[in-house]
Amino acid sequence: MSTSHLASALVASALFATSAAACAATDSELAEIREQIRTLKDQYETRIRALENRLQAAEAVAPAASASAASSTSASASTSGASVSAGIAAFNPAISLVLQGTYANLSQDPARYTLAGFAKTPDLSPGRRGLGLGESELALSANVDDRFAGNLIVSLTPENAVSVEEAYGFMPSLPNGLVPKFGRFFSGIGYLNEQHQHAWDFVDAPLAYQAFLGGQFANDGLQLKWVAPSDQFLEFGAEVGNGDNFPGSARNRNGVGAGSVFVHTGGDIGASHSWRAGLSYLETRAGARAGTQLDTMGRLADVAFTGNSRTAIADFVWKYAPNGNTREGNFKVQGEYFLHRERGDLTYDATGALGLTQAGAYAANQSGWYLQGAWQFMPYWRVGARYDRLNPGRREFGANADLLDTGAFHPDRYTVMLDYTPSEFTRFRLQYAQSTTRLDVTDHQLFLQYILTLGAHGAHRF
Amino acid sequence: MILRLLFLPVLVLACISTSACAALNVFATTPEWGALVTELGGDKVNVYIATNALQDPHHVEAKPSLVARARNADLMVATGAELEIGWVPLVVQQAGNPKLRPGQPGYFEATAFVPMLGKPARLDRSEGDVHPLGDPHIQTDPRNIARVAGPLAAKLAELDPANAAFYQSRYKAFDERWRAAMVRWEQQAAPLRDVPVVVQHKGFTYLVAWTGMKEVAALEPKPAVEPTVAYLSEVLATLQRQPAKMVIREAFQSDRPSRWIAERAKINIVVLPFTVGGDSEARDLFSLFDDTIARLLKGAQ
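Protein chains in written order, with the working numbering: chain A, 1 to 462; chain B, 463 to 763.
Simulated from the structure, these hints should not be mistaken for laboratory data.
All C-beta atoms, glycine included, are put in the ideal place defined by N, C-alpha and C.
Be aware that a few hints might be false.
What the hints assert, rightly or not - Okay, derived cross-link-like pairs now, BS3-like style, lysine-lysine, Cα gap no bigger than 30 Å in a straight line:
hint, chain 1, residue 1, chain 2, residue 2
1, A, Lys225, B, Lys684
2, B, Lys561, A, Lys181
3, B, Lys581, B, Lys707
4, A, Lys332, B, Lys760
5, B, Lys676, B, Lys561
6, B, Lys581, B, Lys684
7, B, Lys634, B, Lys561
What the hints assert, rightly or not - One side of the interface only, derived from the structure: several residues of chain B facing chain A at Cβ under 10 Å:
hint, residue
8, Val509
9, Tyr510
10, Asn514
11, Ala515
12, Ala524
13, Val529
14, Ile547
15, Arg563
16, Ala583
17, Lys664
18, Arg745
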């Protein structure tokens with residue numbers, strides 16, 4: 001393969017070196033030079049061919065040689081095993097790509113989507129009606145050096161915007177179960193939060209994630225995880241971050257805007273069952289955090305919250321596969337429970353759109369949960385069901401009570417799905433949901449989705 | 463504050479568990495390497511086997527139990543050749559145990575010591591779940607077990623020099639017994655030479671090469687792609703021109719395609735243990751091959 005390239009490179013450099021002289025040279029001299037170059041080229045080609053032959057011969061005997069030589073102790077030190085791929089390309093990051101798209105049939109206008117009784121970030125909605133492109137995700141990852149590794153996940157939105165979903169460095173070289181991570185990353189709180197949207201069992205996030213974490217909580221900051229040296233899986237984690245994202249907001253302040261701690265445990269029961277459970281706690285500060293909220297007149301009012309926000313999550317997942325062989329059939333149940341507490345001030349009609357801007361004290365203790373299951377009943381095919389529920393809890397609006405205290409209403413949603421995964425890299429999904437997130441308004445949502453995964457082999461997360 | 467409260471009891475726990483186990487902790491990805499480590503290491507090693515014989519080793523998740531065991535391991539014995547690509551890198555990363563990273567002394571890859579077969583001519587996902595470095599199921603040829611045993615014994619000695627002589631003597635004894643057994647197996651397997659067979663999944667490349675059987679067809683149109691009835695009918699047509707004696711499948715594969723073809727082509731179905739623990743007969747590496755050959759001979763009748 002390299003023979004012709006090398007030879008032409010040699011010829012080119014030889015020509016370059018002689019070109020200055022060649023300008024003044026006569027035809028006979030030129031012919032002489034050409035002849036010299038041809039001989040030179042031939043010589044190198046024969047040499048390279050000989051070298052290649054020797055290399056091939058060496059490669060052919062190498063496995064046998066290493067097998068016999070390695071029985072002596074000294075031989076194995078260097079042959080520790082990683083397969084070597086040659087060329088400059090070996091240093092390129094691993095690249096993978098996720099392509100997605102949906103067809104959505106929504107009985108309610110997605111622009112009017114809201115979670116009654118809960119502050120909602122402006123960009124949350126079931127998405128557009130009709131055919132639409134989903135987020136395309138580009139992931140690059142590689143080892144940086146002997147200590148660090150890096151990972152970048154960029155999302156290309158259907159609106160032709162680029163957003164950095166995750167961009168972090170981590171240190172796989174640190175011993176004793178310590179795994180530090182820094183940069184932008186999905187927080188380790190909860191179960192679903194760390195998973196990318198294309199790995200979810202349903203098209204959309206649970207309502208509790210929408211209401212309390214703005215869909216999914218990412219942080220720019222630092223994470224440290226520690227795995228205990230016990231046979232029972234026990235993992236502790238702590239994070240600090242800028243807290244720019246919901247439930248916090250960008251505050252133009254030094255220091256730390258968000259902190260979280262979490263603990264996970266899990267294991268196997270026999271060969272067929274495995275589980276994981278966790279507890280997490282997130283605290284963020286918000287400064288004039290913009291959102292929308294349904295008021296007592298049924299208008300979607302702009303609100304701004306300043307204060308602190310605390311979220312506690314309990315999560316569990318249990319998976320079953322006969323003898324651990326997931327291929328023929330498997331079953332999975334997961335659930336998460338959220339407790340959410342906010343204290344501070346809420347400004348009603350923060351943008352002045354209604355001409356009724358008014359600030360008031362605000363205190364809320366809210367909760368929410370979801371429970372879902374997915375069953376692969378035959379190779380490639382799964383069915384799933386999910387129930388979501390939010391509890392508006394106790395809220396005090398102070399001076400804004402007349403405008404915002406809409407009374408107790410529990411948003412909930414029933415979802416079923418069927419998906420078909422003909423290979424590890426392709427998935428098609430049909431999903432239907434009855435979503436009642438406003439009093440007396442039920443949205444019938446039908447989604448058809450495709451997810452294609454290209455490039456480097458992905459990891460099988462638990 | 464919260465952190466300090468959490469870390470304290472765990473640190474205590476850590477001290478207890480590290481002092482308690484002086485033996486070498488080995489994390490074996492598949493049962494055959496677990497069995498080999500036990501043959502070579504005896505009671506000087508604690509072996510944890512991450513998968514069982516009825517699990518498809520391609521499709522394993524980075525389960526909490528695996529992360530916990532990788533956390534304490536001194537050595538990971540993997541097949542390599544991308545068999546475990548979907549889960550081993552993630553398990554090692556989550557466990558925070560750099561000893562097991564590729565390139566480190568604590569990472570041992572069996573395929574590095576074996577001449578690989580079945581390297582795909584074309585690297586493209588349209589060819590199915592292809593293995594760019596060749597068929598990783600090397601354990602179906604006993605000569606490969608012999609090739610891996612030497613370097614593995616040397617690896618154990620390297621990580622646990624105090625017991626180096628112990629591992630070396632166990633290796634010598636194992637190698638002797640293994641080579642004697644191979645002579646026996648090769649004699650027993652002689653009638654299998656040139657016997658035409660159909661495989662369900664292309665996972666028997668090395669077994670077929672060793673016994674000299676003829677692989678006439680595979681039931682999977684492409685690796686890890688389930689056969690359709692249309693494709694099976696094509697295979698059936700091939701078998702009518704080129705009859706086979708039996709159809710072979712791994713214990714963890716679905717029995718539907720092999721049953722379909724066996725009924726119509728009037729051939730035997732042979733379910734092979736594939737690795738240690740694949741059936742009640744295959745209790746260790748020796749009985750794995752005793753059983754494999756016995757089943758093949760029965761199927762060839």
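Here is what the structure says about each hint:
1. Lys225/A <-> Lys684/B: Violated - the C-alpha atoms of Lys684/B and Lys225/A are around 41 Å apart, more than 30 Å.
2. Lys561/B <-> Lys181/A: Holds, at roughly 19 Å.
3. Lys581/B <-> Lys707/B: With Cα atoms ~26 Å apart, Lys581/B and Lys707/B stay inside 30 Å; holds.
4. Lys332/A <-> Lys760/B: violated (40 Å)
5. Lys676/B <-> Lys561/B: violated (42 Å)
6. Lys581/B <-> Lys684/B: Holds - the C-alpha atoms of Lys684/B and Lys581/B are around 14 Å apart, at most 30 Å.
7. Lys634/B <-> Lys561/B: Status holds; Cα separation ~27 Å.
8. Val509: violated (13 Å)
9. Tyr510: Nearest chain A Cβ about 9 Å off; hint holds.
10. Asn514: Status holds, d = 6 Å.
11. Ala515: holds (9 Å)
12. Ala524: holds (5 Å)
13. Val529: holds (6 Å)
14. Ile547: holds (5 Å)
15. Arg563: holds (6 Å)
16. Ala583: violated (16 Å)
17. Lys664: violated (16 Å)
18. Arg745: At 17 Å from the nearest chain A Cβ, Arg745/B fails the 10 Å test, so the hint is violated.
Violated hints for the displayed structure, listed by number in ascending order: 1, 4, 5, 8, 16, 17 and 18.
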